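Undergrad: Residues per chain, in single letters:
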Amino acid sequence: MKNKKGSEKYLSIWWYFCLAVILVGVVVAVMRFQTITNVSKLDADVLSSRVLDCVVENGTLIFDINQLNQLPKKDVKSICKINFREGKDYFVGLEVYNLTSCKEVPDGEEIVIQCNIQTKNYISSEKQKIDLMDRCINLEGVRTSLMPACSYKNIVIEQAGQKYILRVIGGTYEK
Amino acid sequence: MEKRSYRPGNKSKKGIVMGTVVFILLNIAFFAMLLFFVVDRCTGTSMKEKVLAREIALFINSAEPNTLILFNIKKYKEIIDKNKIKPEDFIKLEDGRVRVVLAGSGVVYPYFSDYKIEGKLSGDFFEISIK
Numbered sequence: 001m002k003n004k005k006g007s008e009k010y011l012s013i014w015w016y017f018c019l020a021v022i023l024v025g026v027v028v029a030v031m032r033f034q035t036i037t038n039v040s041k042l043d044a045d046v047l048s049s050r051v052l053d054c055v056v057e058n059g060t061l062i063f064d065i066n067q068l069n070q071l072p073k074k075d076v077k078s079i080c081k082i083n084f085r086e087g088k089d090y091f092v093g094l095e096v097y098n099l100t101s102c103k104e105v106p107d108g109e110e111i112v113i114q115c116n117i118q119t120k121n122y123i124s125s126e127k128q129k130i131d132l133m134d135r136c137i138n139l140e141g142v143r144t145s146l147m148p149a150c151s152y153k154n155i156v157i158e159q160a161g162q163k164y165i166l167r168v169i170g171g172t173y174e175k
Numbered sequence: 001m002e003k004r005s006y007r008p009g010n011k012s013k014k015g016i017v018m019g020t021v022v023f024i025l026l027n028i029a030f031f032a033m034l035l036f037f038v039v040d041r042c043t044g045t046s047m048k049e050k051v052l053a054r055e056i057a058l059f060i061n062s063a064e065p066n067t068l069i070l071f072n073i074k075k076y077k078e079i080i081d082k083n084k085i086k087p088e089d090f091i092k093l094e095d096g097r098v099r100v101v102l103a104g105s106g107v108v109y110p111y112f113s114d115y116k117i118e119g120k121l122s123g124d125f126f127e128i129s130i131k
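One line per chain: the protein sequences are A and B, in this order. First residue of the first sequence: 1, per the working numbering; consecutive thereafter. First residue of the second sequence: 1, per the working numbering; consecutive thereafter.
By construction, these hints were calculated from the structure, which means they are not laboratory data. Note that the structure is predicted; figures quoted are calculated from it, not measured. Cβ coordinates follow ideal geometry from the N, Cα and C atoms, glycine included. You may find that some hints are simply not true.
Claimed, not checked - Subject to a maximum C-alpha distance of 27 Å in a straight line, what follows is the list of computed DSS-like cross-link-like pairs (lysine-lysine):
no., chain 1, residue 1, chain 2, residue 2
1, B, Lys92, A, Lys127
2, A, Lys153, A, Lys81
3, B, Lys92, A, Lys41
4, B, Lys50, A, Lys81
5, B, Lys48, B, Lys13
6, B, Lys86, B, Lys50
7, B, Lys131, A, Lys73
8, B, Lys84, A, Lys74
9, B, Lys120, A, Lys81
10, A, Lys129, B, Lys50
11, B, Lys48, A, Lys175
12, A, Lys41, B, Lys84
13, B, Lys116, B, Lys131
14, A, Lys127, A, Lys103
15, A, Lys153, A, Lys175
16, B, Lys116, A, Lys73
17, A, Lys81, A, Lys127
18, B, Lys131, A, Lys81
19, B, Lys131, B, Lys50
20, B, Lys116, A, Lys41
21, A, Lys77, A, Lys129
22, B, Lys75, A, Lys77
23, A, Lys77, B, Lys92
24, B, Lys92, B, Lys120
25, A, Lys73, A, Lys129
26, B, Lys74, A, Lys127
27, A, Lys175, B, Lys50
28, B, Lys92, B, Lys74
29, B, Lys74, A, Lys81
30, A, Lys163, A, Lys103
31, A, Lys175, B, Lys92
32, B, Lys75, B, Lys50
33, B, Lys48, B, Lys14
34, A, Lys129, A, Lys74
35, A, Lys41, B, Lys48
36, A, Lys175, A, Lys103
Stated by the list, open to error - Pairwise CB distance ranges (calculated):
no., chain 1, residue 1, chain 2, residue 2, range
37, A, Cys102, B, Ala103, 53 to 61 Å
38, B, Asn72, A, Asp107, 20 to 28 Å
39, A, Asn66, B, Pro65, 29 to 37 Å
40, B, Glu118, A, Arg32, 31 to 39 Å
Bound-form chain B, shown alone (with noise of 0.2 Å):
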């Protein structure tokens, strides 16, 4: 059997502190991966939506008939305009479900709420009306 013998002069200082250097940046490259997606998930677009179409079917489910319901959507304006969605297009009651679009198709989430139920944008609110 042939004997192997390691000589650590085979390897270049300079070889051991690139090693060392790429070994770092991959560990940091894999925690900011996970940093990023442990945000994204938690506080990203997509927890809003589910968010706020499971709050807005709430209140729709729990209202009586002639209410009016007004939602502050300023602080999703900024969203909006970033992903480029139209105003009309944000929030949209249809058939029974509220669809919500923060990004891409957004959420849909349904009410069992059987009234008369309008919804449409007025300046910072969402309003929706039960009849």
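Chain A with its partners taken away, still in its complex shape (with noise of 0.2 Å):
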């Protein structure tokens, strides 16, 4: 009979600890449910889209080639009519690409094309709360977790007679 005792005191053990699991997973499924009221990765396409569509008029950049990286931030920032505003962070990045020096390199099974960056220019929000310059250059093609969203668009341009690739970057992390 004192086994029976035991067993009674074993499966209430049991029972609770059942039931803390089942509590746990589903805290944890609804909490991954809420973020897909993350719109980071929209929002990071919207701004990339909308920084190509007033710094690219016919074709051509409106920023002398040579003096992109020597632009102030708030020339673009006043030219796209964008404010960095707190509670989210920002990250615009503009590249350009020399066209004439693209190659394709092997890379493994696959064949990339590797260019020659020309200049570039990048722009953050201030106070970020992750390095979103980092997550959206160096950490390109990384998969992490749902939050930090990189929008990459490339277009050629002309300017001087010569082409360029223009990579804008946007990017934004909900904080």
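Given two chains presented individually in distinct reference frames, assemble the corresponding complex, making use of the accompanying hints.
TA: Structure representation (structure tokens):
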């Protein structure tokens, strides 16, 4: 009879353990589900499209390519009518590649196109919770959590009779 | 060492039944609370606030100047009335942020568009004009 008492006790412990596991599982599932309201990917897409639309006119960059890296951050923001407010992290990157420098390079089983970067300009919002520039530039293609999102837009532009690839990067992170 | 014996007769039938009933009721209460939590989190006002604030911010961010956006807010009116929220406090565009209040303090979500943006209630619609 002593054993029976023990088994009742263990059943009770196991029952509470099961309830705790169910509780944790449901709470985690609900929290994961709630991330569907995270629109960082869409926002990053909108940001990169908007910057691309305003810095390129008739297939030409509105700035001098050779002076792009010296361009004040506020210039891009004021021309594109964007303002990075608190509550969310933002990143905009402009990269210009020389089209003539592009060559096919084997990378494992794939062949990738590599081009020499001519100039670049990165703009980030202040007091970032995570380094969005690092996430969008150095960790490009690496799958991480859902939260930080980057969007890339490439376009061929022409300036002074030479062709370049303009890459506009938009990144957002919902704090 | 003292030997103890277990006598089922010591526990009355009523006691066993009561214990079982309490056990079942506690389990029902636990799962009911869990269900309420899931339903509230997934379809409740907090979720609706979040979704609406983000929708408005995305529309504002992607809109060109001289655009008028109309949001049908008819389906939210019942919730606003129930929670005694003033219609003019339901959606506000202030300092680059969208504030949506369906209950409590609401949800605030920033947008990056720097055009002149104005929002006002107009019947069953919330009008956002981008200039």
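Undergrad: Would you mind marking each hint as holding or not holding in the structure?
TA: Outcome of the hint check:
1. A threshold of 27 Å between alpha carbons decides the hint, and for Lys92 (chain B) with Lys127 (chain A) the separation of about 25 Å falls inside it, so the pair holds.
2. At most 27 Å may separate the alpha-carbon atoms for a hinted pair to count; Lys153 (chain A) and Lys81 (chain A) meet this at roughly 19 Å.
3. Distance hint between Lys92 (chain B) and Lys41 (chain A) is fulfilled; the C-alpha atoms sit about 24 Å from each other, no more than 27 Å.
4. Using a Cα cut-off of 27 Å, the hinted pair Lys50 (chain B) and Lys81 (chain A) holds, with the two alpha carbons roughly 25 Å apart.
5. The hinted pair formed by Lys48 (chain B) and Lys13 (chain B) fails the criterion: a straight-line CA distance of about 51 Å is larger than 27 Å.
6. For a cut-off of 27 Å, the pair hint linking Lys86 (chain B) to Lys50 (chain B) stands: about 19 Å separates their Cα positions.
7. With a C-alpha separation of about 23 Å, the suggested pair Lys131 (chain B) and Lys73 (chain A) falls inside the 27 Å cut-off, and the hint holds.
8. A C-alpha spacing of about 43 Å is found between Lys84 (chain B) and Lys74 (chain A), which places the hinted pair above 27 Å, so the restraint is violated.
9. With a CA separation close to 22 Å, the supplied pair Lys120 (chain B) and Lys81 (chain A) stays within the 27 Å bound.
10. Proximity of Lys129 (chain A) to Lys50 (chain B) is assessed by CA-CA distance (about 21 Å); at most 27 Å being required, the pair is judged to hold.
11. Of the pairs offered as hints, the one joining Lys48 (chain B) and Lys175 (chain A) holds, with about 19 Å between alpha carbons and a cut-off of 27 Å not exceeded.
12. Distance restraint check for Lys41 (chain A) and Lys84 (chain B): the Cα-Cα separation of roughly 35 Å exceeds the 27 Å cut-off, and the hinted pair is therefore not satisfied.
13. Of the supplied pair hints, the one linking Lys116 (chain B) and Lys131 (chain B) holds, its CA atoms being roughly 5 Å apart against a limit of 27 Å.
14. As the CA atoms of Lys127 (chain A) and Lys103 (chain A) are separated by approximately 38 Å, the hinted pair breaks the 27 Å bound.
15. Annotation: proposed proximity of Lys153 (chain A) to Lys175 (chain A) holds, straight-line Cα distance about 24 Å (limit 27 Å).
16. With a CA separation close to 21 Å, the supplied pair Lys116 (chain B) and Lys73 (chain A) stays within the 27 Å bound.
17. A distance of roughly 21 Å separates the Cα atoms of Lys81 (chain A) and Lys127 (chain A); the hinted pair therefore holds under the 27 Å criterion.
18. For the proposed pair Lys131 (chain B) and Lys81 (chain A), the alpha carbon gap of about 11 Å is at most 27 Å, so the pair holds.
19. Note on Lys131 (chain B) and Lys50 (chain B): the hinted pairing holds, with a Cα-Cα distance of about 26 Å set against a maximum of 27 Å.
20. Annotation: proposed proximity of Lys116 (chain B) to Lys41 (chain A) holds, straight-line Cα distance about 25 Å (limit 27 Å).
21. Using a Cα cut-off of 27 Å, the hinted pair Lys77 (chain A) and Lys129 (chain A) holds, with the two alpha carbons roughly 21 Å apart.
22. With a CA separation close to 37 Å, the supplied pair Lys75 (chain B) and Lys77 (chain A) exceeds the 27 Å bound.
23. Restraint check for Lys77 (chain A) and Lys92 (chain B): satisfied, since their Cα atoms lie roughly 24 Å apart, inside the 27 Å limit.
24. Among the hinted pairs, Lys92 (chain B) with Lys120 (chain B) is consistent with the structure: their alpha-carbon atoms are about 8 Å apart, no more than 27 Å.
25. Of the pairs offered as hints, the one joining Lys73 (chain A) and Lys129 (chain A) holds, with about 20 Å between alpha carbons and a cut-off of 27 Å not exceeded.
26. A distance of roughly 39 Å separates the Cα atoms of Lys74 (chain B) and Lys127 (chain A); the hinted pair therefore is violated under the 27 Å criterion.
27. The hinted pair formed by Lys175 (chain A) and Lys50 (chain B) meets the criterion: a straight-line CA distance of about 14 Å does not exceed 27 Å.
28. With a CA separation close to 17 Å, the supplied pair Lys92 (chain B) and Lys74 (chain B) stays within the 27 Å bound.
29. Distance hint between Lys74 (chain B) and Lys81 (chain A) is unfulfilled; the C-alpha atoms sit about 32 Å from each other, more than 27 Å.
30. Straight-line distance between C-alpha atoms of Lys163 (chain A) and Lys103 (chain A) comes to about 15 Å, which keeps the hinted pair within the 27 Å bound.
31. Taken as a hint, the Lys175 (chain A) and Lys92 (chain B) pair is honoured in the structure, with Cα atoms around 21 Å apart against an allowance of 27 Å.
32. A threshold of 27 Å between alpha carbons decides the hint, and for Lys75 (chain B) with Lys50 (chain B) the separation of about 15 Å falls inside it, so the pair holds.
33. Between Lys48 (chain B) and Lys14 (chain B) the CA atoms are separated by roughly 48 Å; this puts the pair beyond 27 Å, and the hint is violated.
34. Straight-line distance between C-alpha atoms of Lys129 (chain A) and Lys74 (chain A) comes to about 21 Å, which keeps the hinted pair within the 27 Å bound.
35. Of the supplied pair hints, the one linking Lys41 (chain A) and Lys48 (chain B) holds, its CA atoms being roughly 20 Å apart against a limit of 27 Å.
36. Taking the CA atoms of Lys175 (chain A) and Lys103 (chain A), the gap is near 39 Å; set against the 27 Å cutoff, the hint is violated.
37. The hinted window of 53 to 61 Å between Cys102 (chain A) and Ala103 (chain B) holds, with their beta carbons roughly 55 Å apart.
38. For Asn72 (chain B) paired with Asp107 (chain A), a C-beta distance near 50 Å fails the hint of 20 to 28 Å.
39. At about 31 Å, the CB distance of Asn66 (chain A) to Pro65 (chain B) agrees with the hint of 29 to 37 Å.
40. A C-beta distance of roughly 37 Å is found between Glu118 (chain B) and Arg32 (chain A), which places it inside the suggested range of 31 to 39 Å.
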